[in-house]
Amino acid sequence: KSCQTEKISTAETAVQSHTSRDAGVQTDQSKDAVQDFQQEVQVDYTSLLSFLQRVEDGVVKELNKNWKSRAFDGFEVNWRDQNETVLCLHTLSYPEAQDQNLQVTSISWNATGSVVACSYGRLGAGDWSTEKSYVCTWNLDRRGLNPQRPDVVVDVPSSVMCLAFHPSQPSLIAGGLFSGELVVWDTGRTEDPVIWRTGMTDDTHTDPVYQVNWLPDAKHRNHAQLLSVSTDGKILVWREDRDGRLALAKGFAMLAQQRCLFFSQFAWGEAAVGVTSLSFSHFDPHVFVVGVEGGYSLKCSTAAETLALHRTGSSVPLRAPAELGFSVYSVSCSPFHRQVLNLFLSCGTDGQVHLHSMLQAQPLVSFQLSKKYLFCVRWSPVRPLVFAAASGEGKCNKCFCFTGAVHLFDFEKSLQKPAVSIKQAAGESPVYCFEFNVKQPQLLAAGDAAGTVKVWQLSSDFTEQGPREINHLEQLASEITD
Amino acid sequence: GIPVRTTLDNSTTVQYAGLLHQLTMKARSTVRDIDPQNDLTFLRIRSKKHEIMVAPDKDYLLMIIQNPCE
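Same order as they appear, the protein sequences are chains A and B. Per UniProt numbering, residue 1 is the first one in the first sequence, and the count goes up by one each step. Per UniProt numbering, residue 1 is the first one in the second sequence, and the count goes up by one each step.
Source of the hints: derived by calculation from the structure; they are not laboratory data. It cannot be assumed that every hint is accurate.
Unchecked claim - Covered stretches of chain B, going by a simulated chain A footprint (3 or more residues, C-beta under 8 Å):
id : segment
1  : 18-25
2  : 28-36
3  : 39-48
Claimed, not checked - Covered, in the sense of this in silico footprint (three residues per stretch, anywhere, with C-beta under 8 Å from a C-beta of chain B), are these stretches of chain A:
id : segment
4  : 43-54
5  : 57-64
Built from N, CA and C at the ideal position, the CB exists for glycine as well.
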C-alpha cells in the first residue's frame, strides 16, 4: 500500500505596515514582599522525628567527611571567558559642555545598571557664578548609542556638584548644586524633567552640596528620602512635599570643639565644620561615615536625638582629629564587612588612602599613592579585597603615578602598590570621580576634567570573587590591628 | 517544599526550599532514568563559597549548607 498527501494549496499575498508608533517600556520594581512561609502547616511530628533519626547518621558522616576533605583544594572552575586586560568600552562626552571647559564633577549609574549619568560643572570654582551646567545621561545598552550625543541633557542654571540615581526607580536622579539647592529630575519626562527642588529657603544649604544620597524609607518602599552634605557643616534629610518641593525632615550639624572627643550639644557660636563626603554603612542603616574638611573622618548615627536651634540636631562623632591641614574628599564603607569590624576607606588631598575601622581612631593602613590629590575612593561591589582610587593633579614630578588615573588595589596581590592603573586619557587631566556599576560589575565609569566619561571593562580578576575572600579580609584586618 | 524547621532567616529558607526541591526531584529522576532500580540517596552541590547537602525522603527533605574547610 502507498499513500500520498493531497495537493497542497498555496496563495501569495504581500503585506506592509504604513503607520508606526514609538513606545518605550521598562520594568517596575515588584511590589510583593517575600512570602512568609506558613507557620500553621500541619506536620506529623512523629514521622518527622523518625525521618530525622533515619538520616542523622548519614548526614553527620557526610558533614565530617566534608570538613576534613582536601579533595577540592585549589580546584577552580571558569564559567566565563577570562578577560585579561582592561578595555575602554566607550568614551562619552558632550561637546557643548566641553566647549565651555566644564569638568565632569560626578558620575552615577542607575538602578538597572544600563544608564550612566554625569554632571558637568566646575570643581574648585570658588565663586558664586551662575554658570550654566548640564546633566547628561547615556544608555549604554541602546543600539544607537552615540558617544557624542547624550540621550538626555538637562540644562541646569547653576553648577551641579554631585549626582545620585534613585536606588530602585531607574529614571529618577538627584543632584546637588553649587548654590546649595537640591533638585530631583525625572529623565523619563521630555518637557520639564524637574520634579522636586528644595528652592532657596532658610533651610537649604548655604554652601555647595558636595554629596547627595538616597535613603530608603522603611515605611514606603518607593518614597525615599534624600540626604545632602555640604561644606557649611550641615547634613540635611529631605522628604517630598506638595507642589514639587522638598521639605526638611531632619538635620544634623557638624561642629568643631577644641578638646573633647564626644559632644552632643549644639552650642551657639561654634564653628561649623565643612563636610565633603558621606558613606552609609551597609549593615546598619543608621550609621554613616563622613569626611570633613579638617582632614578627618567621623562616624555618625542618624539616631541622634539632641535638639538644637533651627531644628537641626547634632550627631555624635566617634573620633578625634588625626591630622589637620588637609581635606578628606571621599569616604566609602565596605559593603562586605560585618558589623563587628566595619571597614571604610578615606582619601583626600594628602595623596593617601587610609583604611579605617569604625572602632578605632587611627587608620589601620595608609597607602601613599602619590603626592597628588586623590578625589575619589570606592570599594569594589563584588570583590571584598579590591578598591579603587582616582588621582588628580599635584605638583610632584618624581613619582611614577600618572596624573589622571584610576588605581585598582587588590589586597590579595599586594598591600603596597596598585594591581592595575587605568590611565584616563593621553593628556594630563585629573580624574575627579568614578563609580563601579553594581549591576554589571565589570564596568567602571570615570569622569575627568576634560569633560569626558570613559567606561572601562575590567579584567576578570576584578569581577569574580575568590573562594575565601571575606575571610581573607577579616584576617587581614585583624592582623593589622594587632 | 514547605519549610518546617529552619536555622536561617525566612527569605533565604524559602528560596533554598523552592530551588533545592526542584533540583532534588530532577536529580532523582536522572538517577532512575539511567537505572530504574536505583534511587537517589544523597545530593551534594559544591560551590565557590559553600557546600549544599540534601538528604531526601518520601515526605521530607533535609538541607544543610556548610562552609568547607580549606
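So, going through the hints one by one against the coordinates:
| no. | hint | verdict |
| --- | --- | --- |
| 1 | 18-25 | violated (count 0) |
| 2 | 28-36 | violated (count 0) |
| 3 | 39-48 | holds (count 5) |
| 4 | 43-54 | holds (count 6) |
| 5 | 57-64 | holds (count 4) |
The structure is inconsistent with the numbered hints 1 and 2, although it conforms to all the rest.
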